Structures are given as C-alpha cells and as structure tokens.
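There are 2 protein chains.
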Amino acid sequence: MNIGLDMMGGDFAPLEAVKGLRLYLSDHSAPANLFLFGDEQVLKPLLKEQGIPENHITIVHASQVIGMHEHPTKALKDKPGSSISLGFKALATGVIDAFISAGNTGAMMIGALYSIKAMEGVLRPTISTIIPKENGHAGLLLDVGLNADCKPENLSQFAVLGSLYAKHILDIENPRVGLLNLGEEEGKGNILAQATYPLLRDNSAINFIGNIEGRDILVDKADVMVCEGFTGNVVLKMAESMYEITHRKNIRHEYLDRFNFENYGGTPVLGVAKPVIIGHGISQETAFKNMVVLAAKIIQTDLMEKMKKSFMI
Amino acid sequence: MNIGLDMMGGDFAPLEAVKGLRLYLSDHSAPANLFLFGDEQVLKPLLKEQGIPENHITIVHASQVIGMHEHPTKALKDKPGSSISLGFKALATGVIDAFISAGNTGAMMIGALYSIKAMEGVLRPTISTIIPKENGHAGLLLDVGLNADCKPENLSQFAVLGSLYAKHILDIENPRVGLLNLGEEEGKGNILAQATYPLLRDNSAINFIGNIEGRDILVDKADVMVCEGFTGNVVLKMAESMYEITHRKNIRHEYLDRFNFENYGGTPVLGVAKPVIIGHGISQETAFKNMVVLAAKIIQTDLMEKMKKSFMI
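Those protein sequence lines, which keep their order, are chains A and B.
So in this note's numbering, the last spot in the first sequence is 313, and the numbers never skip.
So in this note's numbering, the last spot in the second sequence is 313, and the numbers never skip.
It should be emphasised that the hints constitute simulated quantities derived from the structure, not laboratory data.
Every value quoted in this text rests on a predicted model; they were computed, and no experiment measured them.
Mixed in with the good hints, there may be bad ones.
Unchecked claim - Here are the simulated PhoX-like pairs of lysine-lysine, each with C-alpha atoms no more than 25 Å apart in a straight line:
| # | chain 1 | residue 1 | chain 2 | residue 2 |
| --- | --- | --- | --- | --- |
| 1 | B | K133 | A | K237 |
| 2 | B | K237 | A | K237 |
| 3 | A | K44 | A | K74 |
| 4 | A | K89 | A | K308 |
| 5 | B | K151 | A | K188 |
| 6 | B | K167 | B | K133 |
| 7 | B | K188 | A | K237 |
Given these sequences and hints, build the entire structure.
If you want it as structure tokens, here you go:
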C-alpha cells in the first residue's frame, strides 16, 4: 500500500506534515509506504531532525509549490513540477494508491476531477464532512461545497456514495439517509428538495428515512445527510466557527471539542476513481496523521471498488 | 396604538400569553391598548387570576381555534371564527395596528400574505431571525423559510427590508449587508448568489459589503445577512438546536444563552403592509412580552411607512 502525501500544502507545512508522519509511524508497526512530495532540500533535514526512520519513506522531489491562494487551474497548468501536480501524476500512473494534501483546495479538487476523473456513472463527485452528533455518534453531511448547484440525480448519487463511506469507513451498519430540508413532511422544500425526495425514496441502494431539518443535523436522526453544496458549505463553516468562538470564549466541553475538525483529518473526494483526500489549510500534526490513517482505511476496505460497483448497471 | 394578540396560539397558550401581558403591563406605565383574541370564557377568569387590570384590555371573543398542526389554508377557510382569522380581520379593517400570534405558523404566514398583502412593489415578503454575534451585537438573517426558492430580485428586496428593520428596530446605523455565499470573492457561489451579487452591489438603498461565508454568520462582519429561505431555515434551526444541545449538556455561558430565541420574541413578516409578528410555538411569558414590545416599536418608529416609501419609484 503506497500513500502519497503533499508535504508542502497547508499553512503549517512542511513541519506539521513531518510531525504527523512521525505520529503515524509511531502508532503503526506495519505502516504503509509513504511517498512524500516536496522540496528534497527542505524535507531531508526536517525528517532527520524529527527522527523519522528512512524505511517506509520515499521522497519525490518537487521543485515548485502551489500557493494557498493561487488560481487553481492556472497554477496546475503553470507548475507541472509542483508537489500537487506530481502527486496527481503518481496517483494517475499507479505509483501511489492514494494522494493527500492540505494545500490549495481548489487545485486539489480540479486535480481530482481532471487528472483522476469521476468513476464511470458518477455525474458529479462530491466532498463531505463528519458531523459530531449529540449522543457521541458521527454523521456525514454532503455535499459541502464542491457542487454549489445540484440536480436531483446528483443528490441521489451523493446518498449512495455517502452511504458506502458511512458503512465502510465510519462503520455504520445500514446507514440512515436523510434529505436536508426545511420541513419534515413529504412535499416540503424548495424545487430541488421536492424533486429529490422521490428519487431517494425509490433508490434501493440506500436506507432513506425521509426529510430532516436543520434541527436534526446535530442529533442522531440520520447518518448520511444530503444537500446541495451551497447549504452544506454554509452549515460546515458555521459549525467550524461555532467551535472557534466557544474556544475563544473559553467555553470547554467534550461535545464542543468534537467540532475541532482537526480530529477528522481531511475529507475525501467521493466519486472519483482513486482516493484523494483534501485537508484543511490549518491542518496540524494530528490532522496529517489522521489523513494517512483515513487513506489507509479507504485502500484496505477497497472502498473505491465498492463504489464503482454500485454505479454499474 | 392598538395591538392585537392571539391568546390561543402556541404550545403554552393561553396561560403564558396572559403572563406575558402581565409582564408587559408591569413594565410600561403608558402601555398600548391590547386587543385579546380568544375564548372569553377561558380568558376572563385567567386575566383576573393573574391580576391583569381591565383598562388597556379589550377581549375579542373567538369561538374557534386553529390547531398547531392544522393545514393552514383549509383551517383559515373552515374557521372564520378562530382567533387568527378574527385577528387578521381586525388588522385589515384598522381596528388594530399590529397582530401577534405564536399559533399555527403557516396560518399566520398565509393570513399575512392574503388578508394583509404585500406592500406595493414588494415581490415576496420575508421572515428573518436575529443572530447573536460573538461580540455582543445582533445581526439579522433573512429569509429563514418563507421563500424556499428565490430570484435575485427577491434577495435584493430582502436586503432593503432587512436594512430598514436593522436601522429602526435594532438601532444599527447604516447596517452592513452581506450576501451569504460559499466564498468571499465576487464570482463565487451558486447561480442565484452569482446573479444576486451585482444587484446588491448596484442597489443604492443598502450598504453592501460583499459576500460572507458560513464562518461569518456568528461574527460581527455583516449586520444584515441575505440568503434564500432554504439555507436560512437550515441555519436558524441548526442554531436553535445548538442552544438546546448545550442546554441539555449543561454547558452554560452568556454567549450560548443569547441563542435562546425566546429572548427575541417573534419574527415580523417583512414586506406586508401592516405589522404581523409570528411567535415560536414554544413561546412563554418573556417571548409574549417581547412580541408586544416589538409590535409597539414597529408602530412607534413608523417602520411600515418607511418600508413602503423605499419601494416607491
């Protein structure tokens, strides 16, 4: 199992990426082979300094870096020697089995969509977030921003992708799918939600429980919560800021800590043919470690093949 | 100044409505004249029991009640003698200057839209919610559910209505208007947000500051936050549930207390020709008192005339 990690991506790279690696390696007696994409001159002394053993590690030198605020499409075109471009190349050619970066989110999404491409039958890949539930469980909300406008068919596919992810990665048996809406009753909603309801109801690949409301997001009603990326993005960012505000105000509680999205590592792009994990720009060592763990679990559970199968007719 | 109050609406009516009246009257030496819509046989002993003085009070007997879960349109048609129907009749004929109810939300909205009607020039009336900001200020989010699907012109009008409400009721000078979106840069967003941006930018009646994201909702970046009712409804209900969860988990803090929407009374329907205030079903005495105070302020500041003027060409 070969996992690629962009060492130059994120606000605290490369130091926190290296520390994350150390954490991962100290936790695992049989770790994955790690391919590190970045500036060799910077990485080598840093790996030594942090006491990272040389076995399991391959450095792939990248002479360029895509900055956090560069225009994604332009940057990918102009910087073929960047850590993100080389990572996607290695993923596309099969040198690595998964690629992780906490760098430029737009570049990661475009790289996933254009150099790896959607699975056959998947109209639009999607990104999700873990939602900590009041009772200690975890739910999955998707889409959280890759698809600002959606068609009912997109949401129906997100439900399938999210269900497989919830089952195999979050270990939720027969995950309950809820359609995020502004009322519980069938027939409620905007045009999109009204048109999506019958598709979810009639989709035999999922366990649809009906509409859920904003008040249900944080309670344990549905495991997989489906919406278009506009609303999902607002919900995710509001939850993140709620955590930051309570933190700044020194309001501490185990439940609030679970909104520290660092704990969840990154979010995989679901519906592309190979595992791509996008980390938060503010990722620190725990997030980097958790992204490697997540990538390994996606490979071990053969999630991509299970997803591909579910879209074959 | 004559304010009408539905005494039969809400989960805790009529007792909490009566208690709210008592609070209001004890706070105000020169109160409004209060018109109470409800069952005379029930109200009279209750008013006496709670020690409500008879001056300033007029009971309008209503022989029927619209239940919280009745179908709004059907209920309004079938129950002309209900407290909500009689309240709207009194508002339409000028007997009262404002009407308040914590009863069936759908019936209140339909009553507002069809028996009072939109102001001339207003395409779609809207409902809003107060958002408590991290620094102690209050913001206004709209629409929060009356308009699940919107056109750019609707959002532009919501910005005007919200700005006038923020200025005259929330006492915010030159309120900053933000367009809720999934990125900050111009050009970001779904089709609706992209098409709304130039309308807000070119609207000289508002102080537009650009796009805001989910992370900005709870911080003091924009005073008036505009979105379609689908996303706004999800945000409002999620904020309400966040309060409920922290309350259940006994996480206490002054900031979290400000998410107790009871403190804000109800929400006015903005853009209809006369003041209509819709309370939460779970309204208790403080909420009822605050709704009467809000109605009085809307009348005193002549908000309706200011709104009407802003839509005259």
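Against the structure, the hints:
As the CA atoms of B/K133 and A/K237 are separated by approximately 15 Å, the hinted pair is consistent with the 25 Å bound. Between B/K237 and A/K237 the CA atoms are separated by roughly 15 Å; this keeps the pair inside 25 Å, and the hint holds. Proposed proximity of A/K44 and A/K74 is contradicted: the alpha carbons are some 29 Å apart, above 25 Å. A C-alpha spacing of about 21 Å is found between A/K89 and A/K308, which places the hinted pair at or below 25 Å, so the restraint holds.
Distance hint between B/K151 and A/K188 is fulfilled; the C-alpha atoms sit about 19 Å from each other, no more than 25 Å. A hinted pair counts as satisfied when its Cα atoms are at most 25 Å apart, and B/K167 with B/K133 qualifies at roughly 17 Å. At roughly 16 Å between alpha-carbon atoms, B/K188 and A/K237 fall within 25 Å of each other, so this suggested pair holds.
Figure legend: structure checked against the earlier numbered hints; the only hint not met is number 3.
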